[in-house]
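Those sequence lines, one after another, are chains E and S.
Using this note's numbering, you'd call the opening residue of the first sequence number 1 and step up by one each time.
Using this note's numbering, you'd call the opening residue of the second sequence number 1 and step up by one each time.
Just so you know, the hints here were simulated from the structure itself, not pulled from any lab data.
You may find that some hints are simply not true.
Identical chains share a label here; the pair holds if one copy fits it or two copies do between them.
[Said to hold, decoys possible] Distance condition first, Cα-Cα at most 20 Å in a straight line; then the derived SDA-like pairs of lysine to any residue:
1. 93 / 73
2. 13 / 64
3. 13 / 59
4. 9 / 82
5. 91 / 50
6. 13 / 68
7. 93 / 11
8. 13 / 100
9. 74 / 6
10. 74 / 14
11. 91 / 29
12. 9 / 47
13. 9 / 45
The lines below spell out each chain.
Protein chains: 2
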Amino acid sequence: MSRFGMIVKFTTKPGRRDALVDILLNGAASEQATTECEQYIVHVSDNEPDAVWVTEIWSSPEAHEASLAREETKASIERAMPLIAGVEATKLKPLGGKGLD
Amino acid sequence: MSRFGMIVKFTTKPGRRDALVDILLNGAASEQATTECEQYIVHVSDNEPDAVWVTEIWSSPEAHEASLAREETKASIERAMPLIAGVEATKLKPLGGKGLD
């Protein structure tokens with residue numbers, strides 16, 4: 001079973017970036033204890049004031065799917081939706097390198 | 001001093017993806033012992049046969065700059081250049097989440 005990766009770029013409604021960052025960091029905290037979620041890192045940029053990136057690594061595509069079905073994730077998505085103007089998601093297959101176990 | 005992140009998407013010349021992956025994984029291996037490079041993960045996609053992504057996290061922007069000046073990095077870039085048709089790089093500020101120390 002191979003790992004699953006994703007890069008998600010969120011564009012928020014003006015001025016809502018930090019509110020979205022809080023929701024995403026809370027989501028990451030709720031994954032701290034799960035082994036299926038290997039990484040869920042939240043980033044911003046100096047150049048794009050209304051953008052937030054998440055880089056994710058999961059143990060498998062199925063583990064990622066399962067996380068989306070959890071009540072906690074659904075509640076988090078519901079809180080985030082009103083802040084978001086656009087989403088671009090890129091599904092990846094992490095191969096290796098530094099920072100993967 | 002805040003961390004520095006980068007997402008780089010390489011588009012290779014047709015059929016040269018795996019050769020570039022090898023060079024990038026070798027580059028990651030040469031960073032295993034350095035604390036300044038926290039992550040250097042190489043990814044591909046099922047949907048884009050000539051694309052390679054690298055997600056990087058460094059201890060600071062200066063640490064990333066310094067890595068580019070090293071002879072080993074320059075040699076690696078020289079080997080990679082003939083394989084590459086295009087590069088898109090996004091500079092990020094990693095804020096937190098799961099997978100950062």
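Checklist entry - Is it within, between, both or neither when you check residue 9 against residue 82 at 20 Å Cα-Cα? => result Classified as within: same-chain Cα gap 16 Å, cross-chain 30 Å, threshold 20 Å.
Next on the checklist: Checking an output row: residue 91 and residue 50, CA cutoff 20 Å. Within, between, both or neither?
Outcome noted: So residue 91 and residue 50 pass the 20 Å test across copies only (15 Å; inside, 22 Å).
Checklist entry - Are the CA atoms of residue 91 and residue 29 at most 20 Å apart within a copy, between copies, both, or neither? => result Close neither inside one copy (22 Å) nor across copies (24 Å); limit 20 Å.
Next on the checklist: Within a copy, between copies, both or neither: which one fits residue 13 and residue 64 at a CA-CA cutoff of 20 Å?
Outcome noted: The answer is neither: 26 Å in one copy and 31 Å across copies each exceed 20 Å.
Checklist entry - Is it within a copy, between copies, both, or neither that the alpha carbon of residue 74 lies no farther than 20 Å from that of residue 6? => result within (18 Å within a copy, 29 Å between copies)
Checklist entry - Is it within a copy, between copies, both, or neither that the alpha carbon of residue 13 lies no farther than 20 Å from that of residue 68? => result neither (23 Å within a copy, 36 Å between copies)
Next on the checklist: At most 20 Å between alpha carbons: which applies to residue 9 and residue 45, within, between, both or neither?
Outcome noted: both (11 Å within a copy, 17 Å between copies)
Checklist entry - How do residue 93 and residue 73 come out at 20 Å by Cα distance, when the copy is not named: within, between, both, or neither? => result neither (23 Å within a copy, 24 Å between copies)
Checklist entry - Between copies, within a copy, both or neither: which fits residue 13 and residue 100 at Cα up to 20 Å? => result Neither, since 33 Å and 27 Å both go past 20 Å.
Checklist entry - How do residue 13 and residue 59 come out at 20 Å by Cα distance, when the copy is not named: within, between, both, or neither? => result neither (32 Å within a copy, 30 Å between copies)
Checklist entry - Are the CA atoms of residue 9 and residue 47 at most 20 Å apart within a copy, between copies, both, or neither? => result The answer is both: 14 Å in one copy and 18 Å across copies each meet 20 Å.
Next on the checklist: Cα distance capped at 20 Å. Does residue 74 pair with residue 14 within a copy, between copies, both, or neither?
Outcome noted: neither (24 Å within a copy, 40 Å between copies)
This entry does not satisfy hints 1, 2, 3, 6, 8, 10 and 11, going by the numbered hints stated previously.
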